Amino acid sequence: MRIRELIDFMGDLTIKTGYPVPVPDGFSYKWALKYNFNREGKVVLYTGALYQLIPYIESLSLYLMAMEKSDEGGYIALKFARSIPRDIINKLAQPDKKLISWSYNVLTSIANLLLKSKITFSYLYENDIYSGVLLYDMGDEEKFKIHINKVFKLLKQSNAEKIITVDPHTTYILKNVYPKYIDGFDLEVNSYLELIEINDESKLNKDPVVIHDSCIYARGLSLIDVPRKLLSKKGYEIKEPRRNKSITYCCGGPIEAIFPSLSKAIAKNRMEELSTVSNKVITMCPICYINLSKVSNNYNTEVHDISEML
Amino acid sequence: MDYLENIIVDISETLKNKDFREALESSVPMSEKRVLDFLNLHKDIPKLAKEVEEIKNKVLSNIDYYIEMAMESLKSINGNPHYAETKDDALDILDKIIGERNKIILSKSMVAEEVGIREHLEEVGKEVWETDLGQLLIQLEKGKPMHAIAPAIHMTVNDVINLVKNKLNIELKGNETPQQIVAKIRPFLREKFVNADVGISGANAISADSGSIFLIENEGNIRLVTTLPPLHIAIAGIEKIVPTLIDAFKVVLVQSSYAGLYPPTYVSMVSGPSSTGDIGHRRVYGAHGPPEMHLILLNNGRKEAIKNDILRDQLRCIRCGNCQIFCPVWDITANKWGGKVYGGPMGVGWTAITEGIEKGAELSELCLGCMRCDAACPVEIPLSSLIHKLKNIYVKPK
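Taken in order, these protein sequences are the chains called A and B.
Residue 649 is where the first sequence starts when you use the working numbering, and the numbers rise one by one after that.
Residue 8 is where the second sequence starts when you use the working numbering, and the numbers rise one by one after that.
Hints were generated in silico from the structure; no laboratory data involved.
Remember, it's a predicted structure, so these values are computed and weren't measured experimentally.
Even for Gly, the Cβ is constructed at its ideal location relative to N, Cα and C.
The reader is advised that the hints may include incorrect statements.
If you only want the chain A side, here are some residues facing chain B, beta carbon under 8 Å, derived [as the list claims (entries may be wrong)]:
#1 650
#2 653
#3 789
#4 832
#5 835
#6 867
#7 898
#8 910
Restricting the straight-line Cα-Cα distance to at most 27 Å, the calculated cross-link-like pairs of lysine-lysine (DSSO-like) are [as the list claims (entries may be wrong)]:
#9 A:893 to B:40
#10 A:793 to B:396
#11 A:823 to B:403
#12 A:798 to B:23
#13 B:25 to A:828
#14 A:793 to B:366
#15 B:396 to B:314
#16 A:912 to B:314
#17 B:25 to A:801
#18 A:893 to B:396
#19 A:793 to B:403
#20 A:916 to B:40
#21 B:110 to A:828
#22 B:314 to A:916
Work the whole structure out from these sequences, hints included.
As structure tokens, this is what we get:
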């Protein structure tokens with residue numbers, strides 16, 4: 649019943665608050681307060697809050713693991729967590745401030761890259777809620793359906809016709825899954841990576857970087873050449889791990905909540921391979937970033953989100 | 008604890024086992040690379056795999072017709088076909104065929120594992136030996152196969168030395184090379200081959216038009232199991248039937264390619280019992296090979312799966328094990344992430360078919376959804392979406 653508890657917990661919370669883990673008000677759009685984006689328009693930047701959620705998913709996971717006092721225990725403690733008032737969980741599960749600041753920096757970099765590429769877009773601020781991807785991935789089809797209809801309604805209310813996404817999971821779920829579940833889904837969806845242009849070509853002789861392709865971008869959306877072209881234009885020498893492009897290897901992140909120690913073992917497997925190619929690893933997904941970062945010290949590597957490199 | 012929790016506990020223990028880790032690390036990346044390099048050089052093989060996919064779909068659309076055809080064809084060449092609806096039926100048929108015969112040798116067969124043939128025969132007092140080296144190690148370990156093709160993939164050389172020393176009482180110093188260990192086991196198994204009353208094999212493919220079974224291997228034990236004892240019994244799932252003998256050959260070529268074993272050292276085609284017409288121009292049976300040959304075709308959930316929208320595609324599986332090698336979860340857990348017999352991405356579907364959809368649904372929750380298995384499957388089984396649909400059943404049982 650333990651994993652069912654976790655799935656129920658995340659599903660219930662998503663229906664209730666719009667997000668799968670306890671979060672404070674405004675956490676998803678604080679990064680955008682310094683801009684004065686329109687709240688309506690044909691082109692909408694929709695983050696799906698995955699970058700912003702990472703610090704909170706991490707802190708909840710750490711809290712649950714601590715409760716169980718074992719590496720495998722994240723899911724076990726959910727049985728208890730559901731009966732604990734949310735404000736207490738919020739206090740106990742303190743997110744890493746550096747991670748929050750990292751997620752805001754990534755989103756700022758992405759917004760700036762879009763602006764620099766002369767792409768006009770609006771942003772939903774408090775309505776930039778979760779895409780529901782975790783519910784889908786864990787198999788909670790019923791609550792997923794309820795939630796995504798809410799997301800679709802919010803996007804339509806903003807007059808959106810085209811959606812710009814920032815991570816592979818949100819891109820995939822909107823582009824390939826939403827249309828199967830929502831009658832009349834008519835939004836065009838693209839990752840920001842497909843839209844931005846790098847004009848300030850730099851030929852600086854920078855350290856070589858190794859690309860860790862996202863499974864979802866590479867196999868789900870065939871988005872393989874785009875990040876390479878962008879990094880090349882920026883003057884980076886790109887190194888390839890053996891398992892790259894359409895056979896890229898998973899970071900282990902998707903099962904982090906269910907089985908943390910297995911997730912970590914997979915991350916180590918991947919990082920071991922990446923580290924033999926370069927000590928600078930480029931990710932393009934917040935889940936890959938966090939899961940590989942957690943083991944990077946063991947391999948003397950540093951992990952960067954692609955947006956920070958462009 | 009429910010089924011999934013038990014699996015998680017077992018895997019958690021495995022994560023602490025350094026030998027298990029070392030054994031997988033020393034084989035899995037190499038196996039994956041070997042297959043990829045081979046496929047890059049042999050562009051005709053993926054095309055052949057596409058043909059196999061279509062062949063399999065054709066049979067699944069008309070399974071009863073092809074079962075009937077395979078059984079009639081085997082009868083016409085003096086073989087003995089049997090149809091087993093369940094695992095228990097298969098064991099009853101087996102008991103009747105074997106009768107009082109005592110010494111039994113097995114070649115590696117996943118369906119024999121599925122039915123529990125070795126355990127059953129041991130329980131009723133027979134002397135039973137696995138002859139595939141990897142499977143013999145599994146028998147000695149009293150474990151389950153950890154990969155579709157390489158059952159002892161999780162064992163280090165030291166693990167093997169200890170097992171062979173302690174369970175077979177074969178004298179080993181502890182520093183032997185794999186070559187030396189094999190040389191020590193060979194005479195032990197030789198005696199079993201020569202004195203066996205019954206040889207039991209699986210089948211990689213069965214041709215409906217001729218009643219022939221195809222078996223591929225690299226050790227040579229299958230040839231001995233199917234020819235030395237006076238009685239040969241093959242057991243296979245009904246999904247192994249293909250329309251023609253040529254189709255069956257295509258299946259084994261594709262299977263060996265994606266298993267990293269191309270060209271297969273041995274391909275055996277068995278069409279009924281051994282015979283000769285050399286004396287008096289009359290055909291008599293049992294010249295050098297067995298005079299009696301049986302084939303047990305097992306259903307055990309397969310026909311029901313054909314009608315199931317989620318599970319049907321899994322029945323195209325040719326058990327090459329490539330999805331296992333490709334899977335990041337399996338790379339750490341081997342078949343610990345699996346049911347009684349089948350593990351990894353293909354094992355989720357096969358467990359759902361052979362042990363019940365609920366068990367497959369529980370296993371599905373450990374899938375990353377990374378879609379790497381989809382890229383590995385030669386017959387384009389949409390493994391990740393099949394597993395995802397099982398997750399829906401886990402959350403909301405039907």
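The hints, checked one at a time:
1. 650: Hint on residue 650 (chain A): holds, closest Cβ of chain B at ~6 Å, below 8 Å.
2. 653: Violated, because the Cβ-Cβ distance from residue 653 (chain A) to chain B comes to roughly 11 Å (cut-off 8 Å).
3. 789: With a minimum Cβ separation of about 5 Å from chain B (threshold 8 Å), the hint on residue 789 (chain A) holds.
4. 832: Where the cut-off is 8 Å and the nearest Cβ of chain B is about 23 Å from residue 832 (chain A), the hint is violated.
5. 835: Nearest chain B Cβ about 23 Å off; hint violated.
6. 867: holds (4 Å)
7. 898: Check passed: Cβ of residue 898 (chain A) comes within 4 Å of chain B, closer than 8 Å.
8. 910: Holds. Min distance 6 Å.
9. A:893 to B:40: Satisfied, since the Cα-Cα distance of roughly 15 Å is no more than 27 Å.
10. A:793 to B:396: Holds - the C-alpha atoms of residue 396 (chain B) and residue 793 (chain A) are around 15 Å apart, at most 27 Å.
11. A:823 to B:403: holds (25 Å)
12. A:798 to B:23: Violated, at roughly 44 Å.
13. B:25 to A:828: violated (44 Å)
14. A:793 to B:366: holds (25 Å)
15. B:396 to B:314: Holds, at roughly 15 Å.
16. A:912 to B:314: Violated, because 39 Å separates the two Cα atoms, which is more than 27 Å.
17. B:25 to A:801: violated (51 Å)
18. A:893 to B:396: holds (26 Å)
19. A:793 to B:403: holds (14 Å)
20. A:916 to B:40: holds (19 Å)
21. B:110 to A:828: Violated. Residue 110 (chain B) to residue 828 (chain A) sits at ~58 Å, over the 27 Å cutoff.
22. B:314 to A:916: With a Cα-Cα distance of about 41 Å, the restraint between residue 314 (chain B) and residue 916 (chain A) is violated, given a limit of 27 Å.
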